[in-house]
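Student: The residues making up each chain are set out below.
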Amino acid sequence: MFRAKTKDLRRTMSRRGLLLAGGSALLTSFLGARLFQLQVAQNNRYQRLSDRNQFDVRIVAPTRGRLFDRKMRLLAGNAESFELYVTPLYVDDLQQTLAALGQIIELTERDIKAVLLAARKGPSFRDIIVRNDLSQRELARLAVRSPLFGGVSFGKSLRRIYPQGALACHITGYVSPVTAREIERNQSLEKTPYLGTGKVGVEFAHEIYLRGLPGRERIEVNAKGQSIRVLRDVDAMSGKDLQLSIDVGVQLQAAEILRRGQLTPVELGSLQVQRALAKDSDLQAHIALGDNLILQDAKDRLVPPESGAVVVMDIHSGEVISLVSAPMFDPNLFTGTLLTRDWRRLNSHPRTPLLNRATSGQYAPGSTFKMVVGLAAIEAGVISKNTQFNCSGDMELGNATFHCWRKGGHGMMNIISALEQSCDVFIYKVALKTGIRKIKDMAHRLGLGDLTGIDLPGEKQGIIPSHEWKLASQGRVWTPGETVVSSIGQGYVLATPVQLAVMTARIANGKQAVTPRLVKSSGDAAPDFAPLDVDPYALAIIREGMFEVMNGGLGTARNYDLDKSLGGMAGKTGTVQVKRITKAQREEGIVNNIDRPWAERDHALFVAYAPVKRPRYAISVVVEHGGSGSSTAAPVARDILTQLMQKQG
Amino acid sequence: MTVFKILLRIPWHLLLLAGILALVGSLALYSASQGSWQPWAGRHAVRAIVGMALVVCIAFIDFSFIKRMSYVFLAAAILVLLAVMVVGTGLGVSRWISIGGMNFQPSEPAKLSVILALARYFSSQPHDRMRSFVWYLPAFAIIAVPFAMIVKQPDLGTALMLLFGGLVVVFSAGLPWRYVFGSLAAVLAAVPLLWLQLKVYQKARVMTFLNPETDVLGAGYQITQSKIALGSGGFFGKGFLMGSQSQLNYLPEKQTDFVFTMIGEEFGFAGNIFILLIYLLITIAILRISFRVNSRFAQLTCIGIGMMVFLYMFVNVAMVTGLLPVVGAPLPLISYGGTSMLTVFIGFGIVASAIVHDRRQS
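Respectively, the protein sequence lines represent chains E and C.
Numbering-wise (this note's numbering), the first sequence opens with residue 1043 and increments by one.
Numbering-wise (this note's numbering), the second sequence opens with residue 176 and increments by one.
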């Protein structure tokens, strides 16, 4: 009995032991199956996850090429910029940390949302950029409190800077973050979203040259997000530096002279000025842009600086020495995140500072167009140097009367004296005999009505009207009266300041159809321009007329000649009506320019070349609503050329 | 019995299998420290050699002495556990006790003493008593006391291992099936109660286990990274020292609880299966010894030790493959850790002693 029970128990125990052995084998195969599932069946998936863990592929932004002026002074460079990063892995409460950071530095709701989104999407050990372009002040404040912020770190990168501030804004343009539209056009930009691209100016025109090629590196990161080693797959290729033809010194003078015009600067701090400022929204808009130049006109009214454009170019090489468009803006505003506040200020500004007037501002050239008519007429044999017409002060054509600017008329005029005194009636008569077709042809040869090809985006080509143009654009035939109006650069005729500079340069050069450019030519080799193909004899006559403008006893700009020691200059004034003068007004006597509202005043234009004997520079000046070409624009040109020539020694 | 006879009877195959595991462990630890014998691999190898020598030494100890001392061992284990509660060290827990500069984890040998005490208890009971549940109650008390003390440390993983190890002995002793199922039901019923007793981090572990992807970077981090490491290893692995997950520290605790994962990443499915087979062979070898020994005490002791090793391996592998929550169970003989290794080798020594000194063998 007892033995049987013992045997029984032994059997039970053996059975249980076998059961355990079997169970062990079963459990082991269960583990084996699980391992098969993970390591063989789902290997691909985990392999991918492992690679993602291991490598962080990063695009290495290339260093953008710098921009220099002709004397190698920096126009656009790259400065160290600091960014703030957060590593979610080391942050207890991301939302709270961001909120706390928002108390110290400027953080928008959008920034915070972007960080939270990135934190949800990516691995937690990866740094997320919270803010770029930290100011020194923000950096200092953060540094002091950094012990309070675990998982928050700083990064360093390059940021575009324009050390000249607003001075060369319309030349350099600016770089700003890639936009969605750019990515649409160029898919490869998508991978480099933080890369800035040129939006306007030379930055845009020479974008590819300046940008360089991004590199790619794989960073092996450990679980803490620390990089173990960096595998450079492709080295970034820096963009190339570009030397521009601009002379910053001349640019500075030109901008100042243009903006000041004939006005007198006032002391901003005085109570009286402050009181006046408070009432004037236009002036406030200027101040808001960081422009603290406020002036006083001849009637002691406070006014903002003059707006307009100046283009100075070398008549042989076509190099643009200075290109000013006023008002200006600070391109540094665009390099980081453009603040809505700044954008609003720039856009609501009454004088559109973002517009590059030198290449995109189209103005009626006024009397500066008379050279075109003169050249066309002489070349066509319609007049010679001595052909005379009488100016009685007006000219009847059909049932219309066309007036000369001078009420009593100029009397007997030839082409030289007509240019000297800017006689309208003489030019009317010559233009009618020459015909708009030949005038238009001459205008094109001098560079009007076509893009000059200057390396700035957004250039306008102006308008040189003709029969065909009017038929196509208005569906009506050309009338002789329109030839008359066009001959003095009004009516339909439009030209940009850079075109006027090109026109003047070609007249002064005489041999080559010079085109403007902003990049300094390497070496002394003169660029290959097309021949000008304008009768040299005709050119000589016109140049004589332009000389008389400055030197003749009745020259419209006789008071504003460049000092003879600097070689003097030859030029032409232009005063452009912005508002039609009605018959009634003419009979009542024209209201003085300065007594009209600013926007109704005449544009003041002036073109010139210097020195007279061996011309080197051509200049065009437009002072918007500046009054008369002689008294407002001519002195601007004279002063700028004085500075330029003196520098040349 | 002559020394020669004893040496002849020592289960050398068991030692060989253990040696293989220890070697694998050394290599894995060498890799875990980016290809260096410091700080783990060298010591692990030395300990393994010492451990194997210990097995041979214990084999010389008369098994009846071990039987006689088994209650003393239990009492000693409980005393040491008590001491840990008072002077224990550890990060916010008291699991370790320092003796002469060496850290010692008393919960490990406690498992062995529970197995021995249970075997002794059941071997001394008349057989007919084994049908009545009352006679099992002292056995449960033998398990419950150290279990409760280890839970208190708190070290739920080790405590559960002790519990299961003890229950396996009770089960092998012939606990009637009705009680087996009865207690299973009772345990299931107790789960909600147990849940309330868990520490916050313990609850988090369980929750993470149930759904690791919800918290990839917090508590689920370990298990997610472990699965990535294993899965990316593929069939033959990334190669020795080439496991990116481990070498770049994505894998936590790779020298202890997650060493299996690391081997899986570097040696793949093939390497892992090889290890599983060695464990299975060890388990079966010890169970086979349990069939061959005569005394009930020896039989139960062997089953308990064999299953203890197997359970450890199972829980560890199931844990790193995401089948069980992360409870903190080392992989016997491979994971770095002196006490755990020592315990396993002492266990093997006891098994060796059981077979060497068995009456039936002579």
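Think of the hints as simulated: they come from the structure by calculation, not from any bench.
Note that the structure is a prediction, hence the values are computed from the model and not measured.
No residue lacks a Cβ here, since even glycine has one placed at the ideal position from N, Cα and C.
Some hints here could point you the wrong way.
[Unchecked claim] Here are the simulated SDA-like cross-link-like pairs (lysine to any residue), alpha carbons at most 25 Å apart as the crow flies:
# : chain 1 : residue 1 : chain 2 : residue 2
1 : C       : K374      : E       : A1222
2 : C       : K242      : E       : R1052
3 : C       : K378      : E       : R1052
4 : C       : K374      : E       : R1052
5 : C       : K378      : E       : A1222
6 : E       : K1163     : E       : A1222
[Claimed, not checked] Computed footprint of chain C on chain E, listed as stretches where at least three residues anywhere in the stretch have a Cβ under 8 Å from a Cβ of chain C:
# : stretch
7 : 1079–1092
8 : 1326–1334
[What the hints assert, rightly or not] Computed list of chain E residues with no C-beta within reach of chain C, every gap over 12 Å:
#  : residue
9  : R1052
10 : S1056
11 : L1062
12 : S1066
13 : N1120
14 : L1131
15 : R1386
16 : Q1619
17 : E1629
Student: For each hint, tell me whether it holds in the structure or not.
Tutor: Here's how the hints hold up against the structure:
| no. | hint | verdict |
| --- | --- | --- |
| 1 | K374/C with A1222/E | 51 Å, violated |
| 2 | K242/C with R1052/E | 19 Å, holds |
| 3 | K378/C with R1052/E | 42 Å, violated |
| 4 | K374/C with R1052/E | 43 Å, violated |
| 5 | K378/C with A1222/E | 47 Å, violated |
| 6 | K1163/E with A1222/E | 21 Å, holds |
| 7 | 1079–1092 | holds (count 10) |
| 8 | 1326–1334 | violated (count 0) |
| 9 | R1052 | 8 Å, violated |
| 10 | S1056 | 6 Å, violated |
| 11 | L1062 | 6 Å, violated |
| 12 | S1066 | 5 Å, violated |
| 13 | N1120 | 33 Å, holds |
| 14 | L1131 | 6 Å, violated |
| 15 | R1386 | 42 Å, holds |
| 16 | Q1619 | 73 Å, holds |
| 17 | E1629 | 87 Å, holds |
Violated hints, in rising order: 1, 3, 4, 5, 8, 9, 10, 11, 12 and 14; the structure is consistent with all others.
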